[in-house]
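Student: Given next are the chains, with one letter for each unit.
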Amino acid sequence: MLRATLKSLLSRKLRLVLSALSIVLAVMFVAAALVLQDTLNRSFDAAYRSAFDGVQLQVIGSSPLGGDASATPPVPLDETVVTAVSKVPGVAAARGEVRADGARIIGRDGKVPDADGQRVGVSWSDASGATLKEGRAPAAADEIVINAGLAEKTGYRVGDTAGVLTTRPNQTFTIVGIATYAGRDDLVNGEQTISFAPRTAGELMLGKAGSYSSVDISVAAGTDTGTLKADVQGVLGRELVVRTGDEAADDAAGPARSTSSSITRILLGFSGVAVLVGAFLIANAFSIVVTQRTKELALLRALGANRGQVRRSVLLEALIVSVLSSIVGFALGLLIGRAAASALGGSTGVPIAGFRLPVAALLVSFLVGIGVTLISALVPARRASRVAPVAAMRQALPTERPGKVRTIVGAVLFGLGVAALVAGAAGGAVGAIGVGGVATFVGIVLLTPALVRPATGLIRGLTRSTPARLGRLNAARNPQRAALTVVSLMIGVMLVTLVSTILTSYRSTVTQTVQDNLNAELIIYSSSAGPGTTPPSIDPSALQKMRQEPGVAAAAGFSYETARVDGKDQLVYAWDDVDQMSRIASVRALSGTIGTDRVMVNESTAKSMGLAVGDRTNVQLVRGPEVQLEVGAIFADTRVVDGFVVPWSQAGTGFRSPQPSQAYVQLADGATQADVRNRISTLLAGSPEVDVHDRSELIDDNAQALNMIISIVQVLLAIAMIIAILGVVNTLVLSILERVGELGMLRAVGMYRREVRRMIVTESVVMSVLGAVLGVVLGAGVGLAAVRAFNDQGITDVAIPWPLMLVYVVASAIVGVLAALAPAGRAAKLDVLTAVRAV
Amino acid sequence: MSSPEAAARAVDVWKVYGSGETEVAALRGVTLTIERGRFTAIMGPSGSGKSTLMHCLAGLDAIDKGEVHVGDAALAGMSDKQLTALRRDRVGFIFQQFNLLPTLTAEENILLPLNIAGRSPDRDWLDRIIDTVGLRPRLGHRPTELSGGQQQRVACARALVPRPQVIFADEPTGNLDSQSGAGVLALLQQSVREFGQTIVMVTHDARAASYADRVVFLADGRIVGDLTDPDEGVVLDTIRKLDADSAAVEAA
Ligand SMILES: Nc1ncnc2c1ncn2[C@@H]1O[C@H](COP(=O)(O)OP(=O)(O)OP(=O)(O)O)[C@@H](O)[C@H]1O
Ligand SMILES: [Mg+2]
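Line by line, the protein sequences give chains A and B. For the first sequence, position 826 (counting from the first letter as 1) is numbered 826 according to my numbering, and the numbering increases by one without interruption. For the second sequence, position 26 (counting from the first letter as 1) is numbered 26 according to my numbering, and the numbering increases by one without interruption.
One or more of the hints may lead you astray.
[To be verified] Examples of chain B residues lying across from chain A (beta carbon under 8 angstroms, computed):
id	residue
1	54
2	55
3	60
4	61
5	80
6	93
7	95
8	97
9	99
10	101
11	105
12	112
13	113
14	115
15	117
16	119
[Stated by the list, open to error] Below 35 angstroms or equal to it, Euclidean Cα-Cα: the simulated DSBU-like pairs (lysine-lysine) are:
id	chain 1	residue 1	chain 2	residue 2
17	B	81	A	829
18	B	65	B	81
19	A	545	A	111
20	A	829	A	404
21	B	65	A	829
22	A	568	A	607
[What the hints assert, rightly or not] Covered by chain B, per the in silico footprint, the following chain A stretches (three or more residues, Cβ under 8 angstroms):
id	stretch
23	227-236
24	752-761
Since the hints were derived computationally from the structure, they do not count as laboratory data. Beta carbons are placed, not taken as given, at the ideal position from N, Cα and C, and that holds for glycine.
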């Protein structure tokens, strides 16, 4: 059987290449994503490990919200920890150190320079590996040392003064020195490091003078680090964490890693779609193989091969194709992953780790490539084994009919899916939407063969010319095969329509809210938040002065932060001026009183959290101990502010930055907007991260961020389309080969070449437009259900992206035309006589 | 040059396939006039060039030397487009494999050439043809629901409905049992007698040839015999005689 399989493989080169290509692409994406992640992670790890070379053991406070130590600000430790640690036998020295994200220097241009890494404030210490390139160490509270990379970026020299934002608003410092780290300009490439005098560092970066973010331990000679780690942990108890230098480095690399992993996630999402589309394509290719080989298979059966052998021969073919394609796909993915890593690494300045064969990526790639191919080939293989020996004697292949069971199962799944979507939309259950979406999709996939014929019947009126009519009929000739092609096109369109529907609804909600509900003409925010973990800040004194400005009726700043409320992680908000915010957002108490000392919750949040006035909640913010806060007011839902609002004093102690990160400004009657805007801009000179914007700018900035997501998803669509094109080409080429005799007859009785081309193109366009229409309808349907379910999460507007949907359908039609070009040309060029004789 | 009597003409036609070692001269100077309104059969042993001659006459294949005319049109130097237009407007085909489109009903298959040409059918004529081929109850059926004989009658109707100057049929009964074959042959004969249709038919079967008004014999790419109004016996005698001749040639 092996020889028969190999021979049949080689005799169908084209199909082999086409089905292999889809596997290659899918595997390529998987491999590229994994290789990129592996390479970047190793690069970041290496960079941070060399930065933490000097650290042997380190004590830090365990982050109150748990999870990733890098995502939350460090817990301040005091001198007692240092004392306790130094007493542990085996500790040569214990040193309190400060290192925290959020020290932002203001450049000569009055702006905070771009950062490729974190902006870190540290306590000066020779022990941390810093060497002075110029100047001296910071001694006074208003002295700093900056790293050489930052000095070059900003143009600051020793002796200059510069403003620095920390947990405190802008303060002016004198630069007394410039540091390098083991010869490097940055501690870690791209990082901006500002060193303060030891006592000042705690106050500025951790909010508490004399506090440390870590206690670094030098291990005494002859003491085992691992043993000491356990000993120190034993002395300190569970509140504190002891980690090795490598562990500290890995934690510090966290933010960089998380950027790389979000890129990887996007790429993996792409590969997921590629794999899904590819699976349909492979199923299509192999079912065609089986159809075409029916006679050959029947002959094999007639000659005594049993069903198992026939099935295995098809699966063997799939295995060979998938192994070869996986090899090629993995090799390409390796190249692309490395190239992408170099490009990304180049932009952050991190040296890219050397080449290593990532075993995990290799395994996953091959598992995906071979697994998906074999699974997709299973159904065709089963069908092949069912070919009866007598089929060898039969003339024509019976045209396939869509299976009844399949159609019924599809209809039931589709019905259940729609029911789940409707229920989910009504009840705000996002889980039900997910289940419903998948069920609807699978239902449609199963239903498509039965849909193809009626669907093509619908466009009868559009295909009046004979070639167009024949093309339309040909599209529906083999519903099973057409369905696989249609579905492979549908997937991409469906996903992008789904995302577009949700985002368009969100955008429309934002626009409406800003235009109709926000009683503030000016909004202060940062339109380019840096990659660090510290939010931008607005100097409270500037806000205070603003309120005194003539022309300003009200100004309210706010911040939000992730916190754990009664054991559940969620966003909490804080307003710096409750009265003014209430005026701007029309906050109205339903029960209790609006005030500054207790928690306020909007009605629907209160309902979902089961809160009433007088209830006590346990709130763990990112800093400080857990606090118990009483609910003081439930206010009517507004479209501007909602959620769980803690008193401003809590933000001061528990948020990463005690200052507001955004603010609304309401103009007094008769004030000129441009005039007030200018004056506010001047007041914000000490808050260089934020700018004053008007409503339309806010809307635009929001739209831009969303458009970016839509663009990413559209790239995904494009990838899905490229793979789907392969499917269309495959189907067309094979249909043409099957119909050579017919084409010859048509040409003999007087069909022009261009009419033949038109016939093939119509067949292709009918399939691709059907796929697009199904995708658009399904995507918009699930999207709408999701939007309804998100009503509580603040998407209150329902907007269907009609223009985009139209674009997707037209794009699919164009894809249909492009895919048909080569096959149509081939069909038109067929020599009439050869074609007639082929019968 | 062109005589009004001729539906198609071949003058000293040569057709050579391949080159060098594999060179095969399928036609060696064939001169033949197909008269209008007559049923001409072409016979000859396998490989004698019957199909080739027919393809050349129909403008499906290019010739190497000589002239071919369909009606008053000389095929020499015509582009693919012109040849297609010529076939569309003047020529009909009946193939051995019935070659119907499975996606169309019998009626739609019959109307296909007219649809392709963008012409609307003459209703009376269409009705007459449909009644002649006896397919009225089957018009809405698809080819897979028809027997071989019925399918070939659909193909005949398809060729007859546009009233081409000449219909070429290559072994139209080759795939049929003798009874269905007789039906199709009677139909072709009737369309010549009653409607004045011109038909050229290639066949191996002496019985089939006896339906024709004239039988032309080919051997080795040359015309070696020409009978008018033959009956089956005469055709068989001629075949036997020609076989004996060629055996004699080979023996010599
Ligand atoms: N495309 C081709 N290439 C090469 N040789 C060809 C080709 N077509 C036909 N021939 C040769 O030309 C000769 C005549 O072939 P043709 O098909 O006309 O014979 P025929 O009389 O129709 O035979 P049959 O009764 O078997 O159909 C044969 O020797 C054949 O091998
Ligand atoms: Mg022949």
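Student: Against each hint, give a clear statement of whether it holds in the structure.
Tutor: Taking the hints in turn, this is what the structure says about them:
1. Taking 8 angstroms as the C-beta contact cut-off toward chain A, the hint placing residue 54 of chain B at the interface is violated, the least distance being around 11 angstroms.
2. With 8 angstroms as the threshold, the beta carbon of residue 55 of chain B comes within range of chain A, its nearest partner Cβ sitting at about 6 angstroms, so the hint holds.
3. With a cut of 8 angstroms, the hint placing residue 60 of chain B at the interface with chain A holds, because the nearest CB-to-CB distance is about 5 angstroms.
4. Taking 8 angstroms as the C-beta cut-off, the interface hint given for residue 61 of chain B holds, the closest approach to chain A being about 6 angstroms.
5. The restraint placing residue 80 of chain B at the interface with chain A holds, with a minimum CB-CB distance near 7 angstroms, inside the 8 angstroms limit.
6. With 8 angstroms as the threshold, the beta carbon of residue 93 of chain B comes within range of chain A, its nearest partner Cβ sitting at about 5 angstroms, so the hint holds.
7. Checking residue 95 of chain B against chain A by beta carbon gives a least distance of about 7 angstroms; that is within 8 angstroms, so the hint holds.
8. For residue 97 of chain B, the interface hint holds, the least distance from its beta-carbon to any beta-carbon of chain A being 4 angstroms, beneath 8 angstroms.
9. Taking 8 angstroms as the C-beta cut-off, the interface hint given for residue 99 of chain B holds, the closest approach to chain A being about 4 angstroms.
10. Using the Cβ-Cβ criterion of 8 angstroms, the hint placing residue 101 of chain B at the interface with chain A is satisfied: the shortest such distance is roughly 6 angstroms.
11. Interface hint at residue 105 of chain B: violated, since its Cβ lies 11 angstroms from the closest Cβ of chain A, which is beyond the 8 angstroms cut-off.
12. Against a cut-off of 8 angstroms between C-beta atoms, the interface hint on residue 112 of chain B holds, since the closest Cβ of chain A lies about 7 angstroms away.
13. At its closest, the beta carbon of residue 113 of chain B sits 4 angstroms from a beta carbon of chain A; the interface hint therefore holds under the 8 angstroms criterion.
14. Given the 8 angstroms rule on beta carbons, the hint for residue 115 of chain B holds: about 4 angstroms separates it from the nearest Cβ of chain A.
15. Of the supplied interface hints, the one on residue 117 of chain B holds, with its beta-carbon coming within about 6 angstroms of a beta-carbon of chain A, less than 8 angstroms.
16. Checking residue 119 of chain B against chain A by beta carbon gives a least distance of about 10 angstroms; that is not within 8 angstroms, so the hint is violated.
17. With a C-alpha separation of about 12 angstroms, the suggested pairing of residue 81 of chain B with residue 829 of chain A holds against the 35 angstroms cut-off.
18. At most 35 angstroms may separate the alpha-carbon atoms for a hinted pair to count; residue 65 of chain B and residue 81 of chain B meet this at roughly 21 angstroms.
19. The suggested pairing of residue 545 of chain A with residue 111 of chain A holds, with an alpha-carbon distance near 21 angstroms, which does not exceed 35 angstroms.
20. Between residue 829 of chain A and residue 404 of chain A, the direct Cα distance comes to roughly 39 angstroms. Violation of the 35 angstroms bound is thereby established for this hinted pair.
21. Taking the CA atoms of residue 65 of chain B and residue 829 of chain A, the gap is about 25 angstroms. The hint holds against a cut of 35 angstroms.
22. Our distance criterion of 35 angstroms between C-alpha atoms is met by residue 568 of chain A and residue 607 of chain A, whose separation comes to about 15 angstroms.
23. For the stretch 227-236 of chain A, the stated coverage by chain B is not satisfied: 0 residues place a CB nearer than 8 angstroms to a CB of that chain, which falls below the threshold of 3.
24. Proximity of the stretch 752-761 of chain A to chain B, defined as three or more residues with a beta carbon under 8 angstroms from a beta carbon of that chain, is established by the 3 residues found.
Comparing the model with each numbered hint stated earlier shows that hints 1, 11, 16, 20, 23 do not hold.
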